Every structure is written in structure tokens, then in C-alpha cells.
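K.L.:
Here is what each chain is made of, one letter per residue.
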Amino acid sequence: MIKAKNVVKLFHGYGTTVRAVDGVSTEVERGEVVVVIGPSGSGKSTFLRCINGLEVFSEGHIIIDGVDLADKKTNINKVRMEVGMVFQQFNLFPHKTVLQNLTLAQRRVRKRSKKVAEEKARALLEKVGIPEKADEYPSRLSGGQQQRVAIARALAMEPKIMLFDEPTSALDPEMVGEVLDVMKQLAREGMTMVVVTHEMGFAREVADRVLFMDEGKIVEVGTPEHFFTEPREARTKLFLKQVL
Amino acid sequence: MNATERIWPWKILLAVILILLAAGTWGSVRQIDYQWRWYRVPQYFFYLAEDAQKIPFDGTVSKIEKAGETATVTLISESSEVVTVEVETVGIKVSEGEELFEDDTVGFISEWRLGPLMKGLWTTIWLSAIASVFALILGLIAGLAKVSKNYTIRGLAMVYVECIRGTPLLVQIFIAYFFLGTVFDLSRNVCGIGALALFAGAYVAEIVRAGIQAIPPGQTEAARSLGMTMPQTMMDIILPQAFKKILPPLSGQFISLIKDSSLVSVIAITDLTKSGREIITSTFATFEVWLVVAAMYLLVTSLLSQVVFYMERRLAVSD
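Protein chains in written order, with the working numbering: chain A, 1 to 244; chain B, 245 to 563.
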């Protein structure tokens, strides 16, 4: 489903070059849930953003469903239709109601009729547990509700892959659960997911595979059991000791 | 600091200061012995025009039928041609059986007309309105160009904004009229509107650019991650949000434009300012006319502020 080959992302500052992602290679199978963990500044978010082309990587290949993002002829908008993304800061459109947030891209990109798009939107709001908020503006919603709307908005495009970029990091602790529940349900339904998170509980419970990144490189890969019981690398052990 | 600080002493102080200012002005004017002639001003807003009704041939008045305020006068020519003329009863100049020559006045019809001040105000309003529309379009295009990724487009917008902002509007109007107007054979109205629109457009461009850049990049990322193209993202996500943010500075710019439109009077467009000057040449009521003209500008600009204030409140529903 996703195949990353030796992906490198360079950031050029004043006189310095930072290798934010430094030769990452991995594969994600259909229906697999991969959790990426690592200290901040380790390049995990940057790598995630490379997968849907929000960051243009400097070297290597990312192949999604057979389409190579490094190929200049690739229509990135076509790829993005199939790759949903959920952000740390929700990024809901504040000038549109919840329902309009969910229908806009369906109508503009999938060219669905208003009726079909709204039916889809209402069904998804039901699924994430806030059907009564359809006509509210995002600013009236709690953080947890906003993030669930953001997940529904991404799902409305019926993507094959969902990317989560620290979806619970900006939430009050008491609202983390409701968002994680939605994500767990999604995982159970067989969605292919790549999740960057600090929620070790979620990683342990839901992940099929855990990637540990540091300084732009994948340091260790393994099942959750392996990770949380007998990590191999010293760097991983240090990180887990600090977060658990 | 007292939370329930009384405000009325300050209100009184404000009133006292304003009254002192007014009294001071009044006193100073008395010293120079100026003859105020406020009664001469109203006729320049509206006036009663009397149109003389004339006989189109040599002939006689055969009949005058008076019906209240109007009267119908029947005229017969030497070749028995019959014409009826409606005039006001009050100012009737002829009597039955009287012999008249061609173009003699039979009577009058009077009618209220707009005076030069109102006509000038109207010119100022439509001139500013058209210039505003073009300024908005120009500013939007130039503002989008300024945030473009393409160097050439960005450069063009930068040259435009810098050239316009670095030269006085008065000089631009002269260039538009005496240079461009001559070369391309443009009317003075086109030159005036064009110069105003180009001038305001440069400032609108900067406002639009700032508005677009004030929207968090996450909004663009969210829209793009849903597969929306850059133009779609601009139209549906960025510009509507930016518009809300830039409405106050934008309205300030358009208020400026209304005031700056007084400069087009130098190329002989009869706007409010030029009308004022013309009235002064015939009345010498300099003080009164300029005060009235200022008050009329103030009225228009404060009405516009009120409209914008109302729009801001309407747009605030999603906050």
C-alpha cells in the first residue's frame, strides 16, 4: 500500500542543512496500523507529511498504491484523494459549519451532489458520535469534538489510507479517550493507518507494527510486544524509559 | 483602579472642550468681520427652476381655463393652427384675446432641481464607487500575485505597488490625464477613475497580501490534504477567511479613496470639491461652502463606516 524507499528530506537554513528525514525505508501493508514514535525533532511528522506530499522530499521514492510521488507526472491531488490526514491542530475550516467542513471537499474534489455529500457527512458524524453538532461552527466545539470532526472530514473522501499527525497532542487529557476510541474503531474496520503519536497505550493496543525514529532515521521496528517488553537498541530503551 | 469609575465627569469635560473650541472659532471669525451668508447655501442643494412657456408662432390667446394651480392656455395662429399650453396660474403673463408674437412668454412651469452641490456629491459618489470596484479587483489580483510562488509574477506586483506608493496621487492624476489621456485619447472621467483605482489598488494589494498571510498555513494544508487544488483552496478556504480579517483596513482604504477623489477636481471633473469652488466664485461665501462640503464628505464616509460595521457583525457569526 505504502512503500517508502530511502526517503530523504533536507531543510536548508542559513548556511546549514538539516537532514530531517534521513534515508527512511519501510512498507505498510493494506489494513495495517503502523505507529511511529520517537522524540520530538526526530523527523516522524516530516516523514508522515511526505507521504501525502505536504512536504516534498529531496531524495528517494514513496509509492502509494503503485503511484510514485517522486515522479513529476504524478497528480498529487489524485493521490491526496486516497490519503486522508488528521492534524495535531485539527485545522477545521472556522468559517464553515461542521457539515460544510465535511461536504466541501466531497463536492469540489469528488464532484458529489449536495444531497449525497450531506448524507455521507451525517452518517460519518453519527459514526464519530456527534451528529447533533452538524450545524455548529467549529469554534463552538470542544477540542475532542473538533478532532473527531477532522477525522470525519478526512473519512468523507473515502480514503484508502489515513495519516494521523499527533492527533491527541493538542487535547485536554480528558478528551484524548474519545478521539482514540474513534481511531481504534477505524483500525478494527481495517483501515490502513500510519499514526504519529505519543500515546503509548494506543500503540500497545492497536498497532500492528511500531517504528521508532530518531534523528531522521528508523532506529527500531517491531511488534508492540517486542517494543514494550524487550527493546533491542539502547536509544529505544532510553526513550521508553522516559515516556513510560 | 476603581472598577465602577464614573464616566459622566469626563463626558462633561469633553462637551466643555468642544464648546470652548467652537466658541473660540466663533470669536476669531467675529474679529475679522466676516459676513456669514448661510441663507445663500440651500439653493445650491435644491432650487426651484422656472421654465418659461412660449408661444411657437404669431397669434392670439383664444381661451384661458384656470383649474386650481394650473391653467390651460389655448393659442390660435394666423393660419388657424391651435396649440394648448399648460402653465401655472400664478405667473400667467397673458389675457384672453391678447395678440402675441412668436416666442413671447405665456407663463411659467416651475420644478425642483438638484443644485450643484448635490450634482457634485453624486459625481463624487459614483466616481468613488467605480474606482473602488476596480481597486478591489486590481488589489486582489496584485495581492495574490505578491504571494505567488512565481518570481516574475511576484516581481510585477512588487514594481506596481512600489511605483504607486512612492509617488503622489496628484502627480499620478496629472500623468493619467495629460500623458496617458493624450496618448490613448481617454476622457477625463476615465483618467480620473483609472488613477484613483490604480492608486487605491496598490494599497489594497498590500492589505490582501497581509490578510492571506495571516491565515494559518494549517488551513491550506488541510484543504490540500483533502485533494483540493490551490485555486480551490484560495477561493473556498483562504480568501473568505482573509476577507473577514481585512474588512476593517479595507474599509479604511475605501474611505480614503472617497476623500482622495477630491483631487480629480484638478482635471476639471465637477465633483463635490469642484462644485464648491464654482459656487464660491459666484457667492463669495467661502467659509460656508467649504464647511458644507466638508460636512457632506463626512456624511458619506461615516455612512460607509456604518455599513462596514454592520457587515463585520454579520460575518462574526462563526467566531
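These are computed hints drawn from the structure, not numbers from a lab. Nothing here was measured: the structure is a model prediction, and the numbers come from that model. Ideal Cβ positions, reconstructed from N, Cα and C, are used throughout, including at glycine. One or more of the hints may lead you astray.
[To be verified] To give a feel for the contact side, a few chain A residues facing chain B, derived at Cβ under 8 Å:
1) Leu54
2) Ser58
3) Arg80
4) Asn91
5) His95
6) Leu104
K.L.:
Are the hints correct? Go through all of them and say.
P.N.:
Verification of the hints:
no.	hint	in the structure
1	Leu54	holds, 6 Å
2	Ser58	violated, 18 Å
3	Arg80	holds, 4 Å
4	Asn91	holds, 4 Å
5	His95	holds, 5 Å
6	Leu104	holds, 6 Å
Hint check: a violation occurs at hint 2 only; the rest are consistent with the structure.
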